[in-house]
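2 protein chains.
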Amino acid sequence: MKPMHIGLLGVGTVGGGTHEVLRRNREEIARRAGREIVVRVAAARNLDKARRVLGPDIDLTDDPFKVVAHPDIEIVAELIGGTDLARDLVLAAIENGKHVVTANKALLAEHGNEIFGAAQQRGVSVAFEAAVAGGIPIIKALREGLTANQIQWVAGIINGTTNYILSEMRDTGAAFEEVLKTAQSLGYAEADPTFDIEGVDAAHKLAIISALAFGIPIQLDKVHVEGISNLARVDISNAEEFGYRIKLLGITKRVADGIEMRVHPTLIPHRRLIANVEGAMNAVLVKGDAVGPTLYYGAGAGAEPTASAVIADLVDVTRMHTADPDHRVPHSAFRPDQLSDIAVLPMGEVQSCYYLRVPVFDRPGVLADITRILADRKISIEAMLQREPAADEEEVNIIFLTHMTKEKEMNAAIEKIEALPVTTGSITRIRIESLDGK
Amino acid sequence: MKPMHIGLLGVGTVGGGTHEVLRRNREEIARRAGREIVVRVAAARNLDKARRVLGPDIDLTDDPFKVVAHPDIEIVAELIGGTDLARDLVLAAIENGKHVVTANKALLAEHGNEIFGAAQQRGVSVAFEAAVAGGIPIIKALREGLTANQIQWVAGIINGTTNYILSEMRDTGAAFEEVLKTAQSLGYAEADPTFDIEGVDAAHKLAIISALAFGIPIQLDKVHVEGISNLARVDISNAEEFGYRIKLLGITKRVADGIEMRVHPTLIPHRRLIANVEGAMNAVLVKGDAVGPTLYYGAGAGAEPTASAVIADLVDVTRMHTADPDHRVPHSAFRPDQLSDIAVLPMGEVQSCYYLRVPVFDRPGVLADITRILADRKISIEAMLQREPAADEEEVNIIFLTHMTKEKEMNAAIEKIEALPVTTGSITRIRIESLDGK
Numbered sequence: 001m002k003p004m005h006i007g008l009l010g011v012g013t014v015g016g017g018t019h020e021v022l023r024r025n026r027e028e029i030a031r032r033a034g035r036e037i038v039v040r041v042a043a044a045r046n047l048d049k050a051r052r053v054l055g056p057d058i059d060l061t062d063d064p065f066k067v068v069a070h071p072d073i074e075i076v077a078e079l080i081g082g083t084d085l086a087r088d089l090v091l092a093a094i095e096n097g098k099h100v101v102t103a104n105k106a107l108l109a110e111h112g113n114e115i116f117g118a119a120q121q122r123g124v125s126v127a128f129e130a131a132v133a134g135g136i137p138i139i140k141a142l143r144e145g146l147t148a149n150q151i152q153w154v155a156g157i158i159n160g161t162t163n164y165i166l167s168e169m170r171d172t173g174a175a176f177e178e179v180l181k182t183a184q185s186l187g188y189a190e191a192d193p194t195f196d197i198e199g200v201d202a203a204h205k206l207a208i209i210s211a212l213a214f215g216i217p218i219q220l221d222k223v224h225v226e227g228i229s230n231l232a233r234v235d236i237s238n239a240e241e242f243g244y245r246i247k248l249l250g251i252t253k254r255v256a257d258g259i260e261m262r263v264h265p266t267l268i269p270h271r272r273l274i275a276n277v278e279g280a281m282n283a284v285l286v287k288g289d290a291v292g293p294t295l296y297y298g299a300g301a302g303a304e305p306t307a308s309a310v311i312a313d314l315v316d317v318t319r320m321h322t323a324d325p326d327h328r329v330p331h332s333a334f335r336p337d338q339l340s341d342i343a344v345l346p347m348g349e350v351q352s353c354y355y356l357r358v359p360v361f362d363r364p365g366v367l368a369d370i371t372r373i374l375a376d377r378k379i380s381i382e383a384m385l386q387r388e389p390a391a392d393e394e395e396v397n398i399i400f401l402t403h404m405t406k407e408k409e410m411n412a413a414i415e416k417i418e419a420l421p422v423t424t425g426s427i428t429r430i431r432i433e434s435l436d437g438k
Numbered sequence: 001m002k003p004m005h006i007g008l009l010g011v012g013t014v015g016g017g018t019h020e021v022l023r024r025n026r027e028e029i030a031r032r033a034g035r036e037i038v039v040r041v042a043a044a045r046n047l048d049k050a051r052r053v054l055g056p057d058i059d060l061t062d063d064p065f066k067v068v069a070h071p072d073i074e075i076v077a078e079l080i081g082g083t084d085l086a087r088d089l090v091l092a093a094i095e096n097g098k099h100v101v102t103a104n105k106a107l108l109a110e111h112g113n114e115i116f117g118a119a120q121q122r123g124v125s126v127a128f129e130a131a132v133a134g135g136i137p138i139i140k141a142l143r144e145g146l147t148a149n150q151i152q153w154v155a156g157i158i159n160g161t162t163n164y165i166l167s168e169m170r171d172t173g174a175a176f177e178e179v180l181k182t183a184q185s186l187g188y189a190e191a192d193p194t195f196d197i198e199g200v201d202a203a204h205k206l207a208i209i210s211a212l213a214f215g216i217p218i219q220l221d222k223v224h225v226e227g228i229s230n231l232a233r234v235d236i237s238n239a240e241e242f243g244y245r246i247k248l249l250g251i252t253k254r255v256a257d258g259i260e261m262r263v264h265p266t267l268i269p270h271r272r273l274i275a276n277v278e279g280a281m282n283a284v285l286v287k288g289d290a291v292g293p294t295l296y297y298g299a300g301a302g303a304e305p306t307a308s309a310v311i312a313d314l315v316d317v318t319r320m321h322t323a324d325p326d327h328r329v330p331h332s333a334f335r336p337d338q339l340s341d342i343a344v345l346p347m348g349e350v351q352s353c354y355y356l357r358v359p360v361f362d363r364p365g366v367l368a369d370i371t372r373i374l375a376d377r378k379i380s381i382e383a384m385l386q387r388e389p390a391a392d393e394e395e396v397n398i399i400f401l402t403h404m405t406k407e408k409e410m411n412a413a414i415e416k417i418e419a420l421p422v423t424t425g426s427i428t429r430i431r432i433e434s435l436d437g438k
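Each protein sequence line maps, in turn, to chains A and B. When we follow the working numbering, the leftmost residue of the first sequence carries the number 1, and every step to the right adds one. When we follow the working numbering, the leftmost residue of the second sequence carries the number 1, and every step to the right adds one.
Be aware that one or more of the hints could be misleading.
[What the hints assert, rightly or not] SDA-like, lysine to any residue: derived pairs with alpha carbons at most 20 Å apart:
#1 K2(B) with H327(A)
#2 K49(B) with A69(B)
#3 K222(A) with L345(A)
#4 K406(A) with V396(A)
#5 K2(A) with D72(B)
#6 K2(A) with D324(B)
#7 K408(B) with G258(B)
#8 K2(A) with P325(B)
#9 K2(B) with P325(A)
#10 K2(B) with D326(A)
#11 K2(A) with G258(B)
#12 K2(B) with K2(A)
#13 K2(B) with P336(A)
#14 K2(A) with K49(B)
#15 K2(A) with Q338(B)
By construction, these hints were calculated from the structure, which means they are not laboratory data.
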C-alpha cells in the first residue's frame, strides 16, 4: 500500500522531533498503521536549517500555503505555533480536503470552535492530542476512554514550567525569582516566561479540556487565571506544615449551577498521587461518575514526547481513513449538534476552601476581630496557625484554613480584614482542593 | 437514528453495572456516540434476579446462545467470565457477524489469538478495554495513544486484591494471613483467593499487555508467575528502611535477546509515583522511546469502573461502525500480518537487581563465605544490613541489595549459600526494579 504522505508546517523542535521519530520507528509505526507514514514536503522559514534536520529526501518550501495545497498530501501537521498564520493555514488545509494534526493549544483555545466547524462541514478530521499535556494521551482518554461517564471534574498539572518551579521552591527553599532563573538556564522556562508563569498556557489547555469533558464550546475568555509569580516561600512551607503541597492546577468542574473553569495555585493534600508529580512532568486527574478518579501522567512538553502525540494522531487518521465522517470520533468528544450551552460560572460563584495568610500587628483582640468578620460571612475555620513573632518584630502572620465558601463571600471578608487597623498588608489567599473524589 | 442494540451475556456485578451506567448516562452517551446504546436482550442463569436488576423492558433468556444469534443484536457484551462457555459464545457471536465486547481477561489470555483471528476473518471487532485494569483506558493507550513509540517496558499494578493486601501490611504491620482475612470480609478478596494472591490474574492481564506492547501473540504459558502469599512483614519493613516499597508488579520488557514477561513481588524506590499507588487501585507505567514514562491510574475492578470500560468499547464500536474492517484499530495494536515471533526469555535469562534476606547463625566468617559466593558469580553488592541479634537469639538475618545480574546466576548463588552450614533456612529473594526510565 502506498505511504500516507504528510505535509509538515514548521521544522522547529516539534517538527524536527516528529520527523525523527517517524524515521526511527518507521517500521514499527507501519506495522500498527497499515501504511508507512512519511513526511513528503515541509515548509520552514530557514530552509538550510530545515534541510539539515530533515535530510535530503523531503521537498522543502518557504511558502506554507504550498504545503496545504499540495496534491500528494493527505494530512497536514501544523507545528508552527501562533494563532494568525496558523489559523489561515489550518482553514486552508481543511478547505483543500486535508486532514489536520496540530499541537497548537493557543490556536484551538482561540479558534477551535471555528476550526472544528469548518472541518466538520468539509468532512475532514482535526486531531490535537499534542495540544494538551504533550505525550500523555489525555485527549483520547476524554474523547474515547471515558465515554461512559458523566465527567464530574478534571484537575491537571498541565504546565511543566510552573510545576518545575514549584517543585524546586519546595525542595530547595529558594525564592520564585531565583528558581525561575535556574529554570531559564535549563531550558524549562522561556526568556519571556509570562505565558507560562501567569497561567495563560494552562488556561489554553484547560479551555480545551473543559469543552471535551462537558460537551460545551471552547470558551477561553471565561477561564479565571492566576499564575505563580506572587507565590512566597513561606506559603509553600506553611502549606507543607498542614500536610499540603502547592501546585498550579487547571480545574474544571460541573456543579449544580454550571461549569467552573479556573487556573490558580492550589493546596492539595500531600498524600494524593497528583501532589507527588514533580519537576516538569504533567498529570491530569479526571473524575467520572462511573469510573471514579483516574490519573494520566507523563511528559507535557519536549520534542519527542510531543512528537509521540502528533504521530498517534497521524496513525489514528491513517487507520480511520475510510470511516465516513459521520462515524469518526467527534472533535469535541460530543457530536457537534449535541453541544450544551450550560453556563460557565463567574469566579465569585465558585465554592472552595481557602488558605489565608494575614499579616498583622501582634496586639490583643486581633484574632477576635478577624474571626468575627469571617463568622459574619459564615466562613468557618478548619485550622489556624500563629507562631510567636521574632524578638524584634511586632508583625506576625496568622494562617487560616477555611471550610467551603463562595469566592465572593471570601473576597468581601478579605476586603474587610485588610481594612482593619491591625492588618499590616495584603492577605495572601490560596484555594484548597481536597481532590478526594467529591 | 435507531439505537444500537446490545445483547448482554451475564447479569452479575459487571453486567448489572453496565446496564445501570448505560441507563443513568443514556443521554450523555448518545451525545457522544451519535446513537443511543441500549441493552435489548440479556442471558442469565437466574432469571428472577436478572429481572430485578434489569427492569421490565429487556428481553431475558437463560440460553446465551439465543443472544449471540439474535437478529436485532449488533454487539454482544460477554460478561459471564470463565473460559469454556465464554469461548464458545464469543466464537458463535463472531460467526454470526456480531461485534463483541468482553471484560474476560482469562478468556483472552487463553484463547485471544484464536478469537482475534476469527474476528479478523469475519470482519468484526472484539473490544476488551475492561479486561485489563478495569476502568483505566490502558488498552486504548497501548493500541492508539502510544503508536509512535517503540515500547521499551511496561510495569503495572494490575491486581487490586494484592495491592490492597500489600498496602495494609505496610500500613498496619500486620501479617499476610491477617490482612487477607480483612480483605475477604471487605469484599476485596474472594473466598478462594488463590487466583489473585498467587499472581494468576495479573499474569492473564500481563500476557495481553505484552502482546499489545510488542506486537507478539498472547503467550500466557510463558509468563513467569510468583504471588505474594510468602511475603513476610520483615521484608516489607526492611525494604522500607532502604527506601523501597514492595508491590506485586506485572513486568514486560524488550531486551536485546527477546521479551521478558514476569509477575512477582518487586521492590520499587518509594519516590516513584507507582510506589505510592495504595489500596485496591491499579496503575500501569509504560515506557516508550519517544514519549518517555507515562502512567495510567484508576480503579482496576468493581461494577461501575469495569462498566466504564465496557461502555467505552460499545461507543467505539458504535462510532466506527462503518469503517471498513481493514481500517479499524487492530486487535493486537499491530496488524495481524505484522506480528513478531521474537522470543520470550526464560526467567533464568532475565536480568534484575535483588533483595536477599539470608538467615544465618551469628558466627565469625559468615559474611566472608556469602560474599565470596556472590563474587564468584560476579554479583556485586549495592547495600547490606545486619542488625545485632536479639539477646537470646543466635540467628540473624543479613539483608543484601545487589546490582544487576542474570536470574540463573542468582539462583546458583542462592543454592550455594543455602548449602552453607551457617545458613539456617531458605533465602528470601525479591527482585528490585528502579523504573527510572532505563
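Consistency of the hints with the structure:
no.: 1; hint: K2(B) with H327(A); in the structure: 14 Å, holds
no.: 2; hint: K49(B) with A69(B); in the structure: 23 Å, violated
no.: 3; hint: K222(A) with L345(A); in the structure: 8 Å, holds
no.: 4; hint: K406(A) with V396(A); in the structure: 27 Å, violated
no.: 5; hint: K2(A) with D72(B); in the structure: 39 Å, violated
no.: 6; hint: K2(A) with D324(B); in the structure: 18 Å, holds
no.: 7; hint: K408(B) with G258(B); in the structure: 16 Å, holds
no.: 8; hint: K2(A) with P325(B); in the structure: 18 Å, holds
no.: 9; hint: K2(B) with P325(A); in the structure: 18 Å, holds
no.: 10; hint: K2(B) with D326(A); in the structure: 15 Å, holds
no.: 11; hint: K2(A) with G258(B); in the structure: 31 Å, violated
no.: 12; hint: K2(B) with K2(A); in the structure: 37 Å, violated
no.: 13; hint: K2(B) with P336(A); in the structure: 19 Å, holds
no.: 14; hint: K2(A) with K49(B); in the structure: 55 Å, violated
no.: 15; hint: K2(A) with Q338(B); in the structure: 17 Å, holds
Hint violations for this structure: numbers 2, 4, 5, 11, 12 and 14, all remaining hints satisfied.
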